[in-house]
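Here is what each chain is made of, one letter per residue.
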Amino acid sequence: MRADRVTGHLDLLLLGAVGASPSHGYGVITALRERSGGAFDLTEGSVYPALHRLESAALLTSEWAPVAGRRRRIYSLTQEGKAALEAQRRDWRALVAAVESVIRPASAATA
Amino acid sequence: MSDRLNASPIEDYLDDLTLCLRHESPRRARHLVSEAEAHLYDLAAALVSAGAKGLDAEAEAVARFGSAHEITRAEGRVAALPTATIITQIGLSGLFLGSLGAVAVGASGLIAGLIRLIGGTGAIVDLSSGPPLTAANCARWLSSDSSASSCQAAAVGDWADETVFYRIALGIVGLIMLSLSVLAHRVLRRRGARPLPQSVSDTIAASLFIVAGVWTLGLGIDAVVLDRASGQWFSAAIVSLVAGLLFGLRLIDLLRAGAGDTTLIKKSWI
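In order, the protein sequence lines correspond to chains A and B. Numbering-wise (numbering that gives the first Met the number 0), the first sequence opens with residue 0 and increments by one. Numbering-wise (numbering that gives the first Met the number 0), the second sequence opens with residue 0 and increments by one.
With the rest of the complex left out, here is chain B (with noise of 0.2 Å):
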């Protein structure tokens, strides 16, 4: 480097500049320290044809810049996100994410209604997950039942009916949900409003599916080991880990890349 560079005073702000920026995405920083720069050298040479000397001109250029904490506290006020901008990621993104949700209940209420077809009623629910035999209940189950042989087969299909139909039905609410979410975000896109990053919605979402699938298999597991019904866990364990998974694998891609939040916040999520 030539002595001219190591005794600038511009190329000395310029540095603690990139050192303050430090905790902005890469581009922002590069963007600020570049224009910084363009601004910083036009003064001076507009200070020297007025007469000043090359290093007066850097070192007055630069005092009338402002320091690099000063312009980093403003960058940064700049950079933040307002209450109203979070509030509208957080709906945007929560809407998005409940809606996968109950889309993947109703998907788990498919599997269990393809685990009832193969394994019977009695492999999705038993006796242990309702509610007490009394004889009302009886009286009531085996009046939606006429073909069922006793109170506990009439109880145990209408639990295996709510676990697979009351899923389904969750999971068209989901998609209804799901398409009001598309619309909402379209809508507000138009406005600026954005969801939030997706390395945020993904890592919220893969959190959530692989507690709820690790949860559900456990107590599949625990169904086995106890002789009773497992297909409603299992079913749910299902749709659980693989949408997990997915979101997962998604957000290790997303790391790979490198893509900082900045970048994200402008990006489409849906």
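If we strip away everything but chain A, and leave its shape as in the complex, we get (with noise of 0.2 Å):
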């Protein structure tokens, strides 16, 4: 998938993959790559600004924590990182919907 396109998405993403289990940016990484599929193989050098940025807007909080004999960075999601990550889950949803009904096929919406 064109970067370009995650790029617009990429605070969802984000916040869905720390979401789903607290980590550091390499795991955050490594889930986004697997559970997409191969899809979404972002770079670090979009996602660790992109983890700090929501980090500064106080939707993610990190702590440094030993994880298999390496200090690592470890991010979760906080109160309004849990409300931000549903508020864009609607807004997605919203919006894939709005274009599905419009790029369906003729015959599919007719039917």
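Honestly, the hints are just simulated from the structure, not real lab data. Be aware that one or more of the hints could be misleading.
Claimed, not checked - Below, in silico cross-link-like pairs of lysine to any residue (SDA-like), each with a Cα-Cα straight-line distance of 25 Å or less:
id, chain 1, residue 1, chain 2, residue 2
1, A, LYS81, B, VAL186
2, B, LYS52, A, ALA56
3, B, LYS52, B, GLY65
4, B, LYS52, A, ARG69
5, A, LYS81, B, PRO81
6, B, LYS52, A, ARG32
7, A, LYS81, A, ALA30
8, A, LYS81, A, HIS8
9, B, LYS52, A, LEU41
10, B, LYS52, B, PRO81
11, B, LYS52, A, LYS81
12, A, LYS81, A, GLY26
13, B, LYS52, A, HIS8
14, B, LYS52, A, GLY26
15, B, LYS52, B, ASP14
16, B, LYS52, A, LEU11
17, A, LYS81, A, LEU11
18, A, LYS81, A, ALA19
19, A, LYS81, A, PRO21
What the hints assert, rightly or not - A few chain B residues facing chain A, derived, Cβ under 8 Å:
id, residue
20, ALA62
21, GLY112
22, GLU161
In this text, a Cβ means the ideal position worked out from N, Cα and C, and glycines have one as well.
Dock chain one against chain two, each of which comes alone in its own frame, and use the hints as you go.
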């Protein structure tokens, strides 16, 4: 999938990945790739600044913890982050439904 | 240092990243480098598991991570404060410092009142500091001070009253503004808003108070040399210089502690 198609929805993807399970940056990137069947193979250069931006916006919080022998920064959702994720999910579903209703083949729409 | 570390693309990259992040706060830079380090070694290990050789895996991990300059630029955009935040910070700090200034004027009014009690009205103001003694003015001053023996005495008494009570009135307004400032700070703080970094607001406050203190002290000395009333100037100079000194000492303590502004932005000022 083209990277620019992800850009507008990067926050939703990151909030969704971290919301599914608190994780470090590498874990988030891996989870996004695996859960999307390889469609979202995001670069570190886009993911880490986005994680930090979401943390600055108080949607994520992070703490350092040893995982597998290495000190890692684990991100988790804040209460505001959970609310933002829910709101962005609703927006996304509304967008998908609207787009779907437009692009649906005429035969399917009349059926 | 071992040869392995000397030849490590990841270590080279982390060196580059550390250099690029030298303008960030030390804590933020350390955290970014630590996070990158953990990520790069995780990715390199995963690539080795997939069949890549050690240094090739490291080089591939570094290549995927993006250049240190790009990462630094992207992180710099994250750290940059939005305009609305800056305006809020200036507003909060401006209200707080303005309130303090008004309270300081009120305090100078109290000192002026004390000087008046000790030295009399003539110790605060004299005829050189007021409007001309026109017939209309004299009638107004004498009507408000029936005990005055002359227009000049009534005028000086009126100006002394204004010097003391107008300042105290402004001080009371300052206290109200200060309460509003604390309230605004608490309400906006819940929404993530912060005042200016303490080092910035302390520098502004110390500079303004010291300039005001030196200026009014000079006017007071000038008045003494010219044998005029100096109380109105010295009362302001005392408060301004003490306030400037307190803010200056706090600023020095802050700078000695080596606290970075990035940390201070998150600190409560009030």
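Structure-based check of all given hints:
Restraint check for LYS81(A) and VAL186(B): the C-alpha separation of about 22 Å stays at or below 25 Å, so the hint holds. Of the supplied pair hints, the one linking LYS52(B) and ALA56(A) is violated, its CA atoms being roughly 40 Å apart against a limit of 25 Å. Proposed proximity of LYS52(B) and GLY65(B) is supported: the alpha carbons are some 20 Å apart, at most 25 Å. Taking the CA atoms of LYS52(B) and ARG69(A), the gap is near 21 Å; set against the 25 Å cutoff, the hint holds.
For the given pair, LYS81(A) sits about 23 Å from PRO81(B) by alpha-carbon distance, which is consistent with the 25 Å threshold. Restraint check for LYS52(B) and ARG32(A): the C-alpha separation of about 23 Å stays at or below 25 Å, so the hint holds. Among the hinted pairs, LYS81(A) with ALA30(A) is consistent with the structure: their alpha-carbon atoms are about 18 Å apart, no more than 25 Å. For the proposed pair LYS81(A) and HIS8(A), the alpha carbon gap of about 16 Å is at most 25 Å, so the pair holds.
Under the criterion of a C-alpha separation no larger than 25 Å, the hint pairing LYS52(B) with LEU41(A) is consistent with the structure, at around 23 Å. This hinted pair does not check out: LYS52(B) and PRO81(B) have alpha carbons roughly 45 Å apart, beyond 25 Å. Between the alpha carbons of LYS52(B) and LYS81(A) the distance comes to roughly 41 Å, so the proposed pair goes past 25 Å and is violated. About 19 Å separates the Cα atoms of LYS81(A) and GLY26(A), which keeps this hinted pair within 25 Å; it holds.
Simply put, LYS52(B) and HIS8(A) have alpha-carbon atoms about 35 Å apart, too far for the 25 Å limit, and the pair is violated. Between LYS52(B) and GLY26(A), the direct Cα distance comes to roughly 22 Å. Compliance with the 25 Å bound is thereby established for this hinted pair. With a C-alpha separation of about 22 Å, the suggested pair LYS52(B) and ASP14(B) falls inside the 25 Å cut-off, and the hint holds. A hinted pair counts as satisfied when its Cα atoms are at most 25 Å apart, and LYS52(B) with LEU11(A) does not qualify at roughly 36 Å.
Straight-line distance between C-alpha atoms of LYS81(A) and LEU11(A) comes to about 11 Å, which keeps the hinted pair within the 25 Å bound. With a C-alpha separation of about 11 Å, the suggested pairing of LYS81(A) with ALA19(A) holds against the 25 Å cut-off. With a CA separation close to 12 Å, the supplied pair LYS81(A) and PRO21(A) stays within the 25 Å bound. With a least beta-carbon distance of about 10 Å to chain A, the hint placing ALA62(B) at the interface is violated under the 8 Å criterion.
Below 8 Å, beta-carbon pairs count as interface contacts, and GLY112(B) has none with chain A, the closest being about 49 Å; its hint is therefore violated. Annotation: GLU161(B) was flagged as interfacial toward chain A, and the flag is violated, the nearest CB pair being 50 Å apart, outside 8 Å.
Hints 2, 10, 11, 13, 16, 20, 21 and 22 from the list above are not met by this structure, while the remaining hints are.
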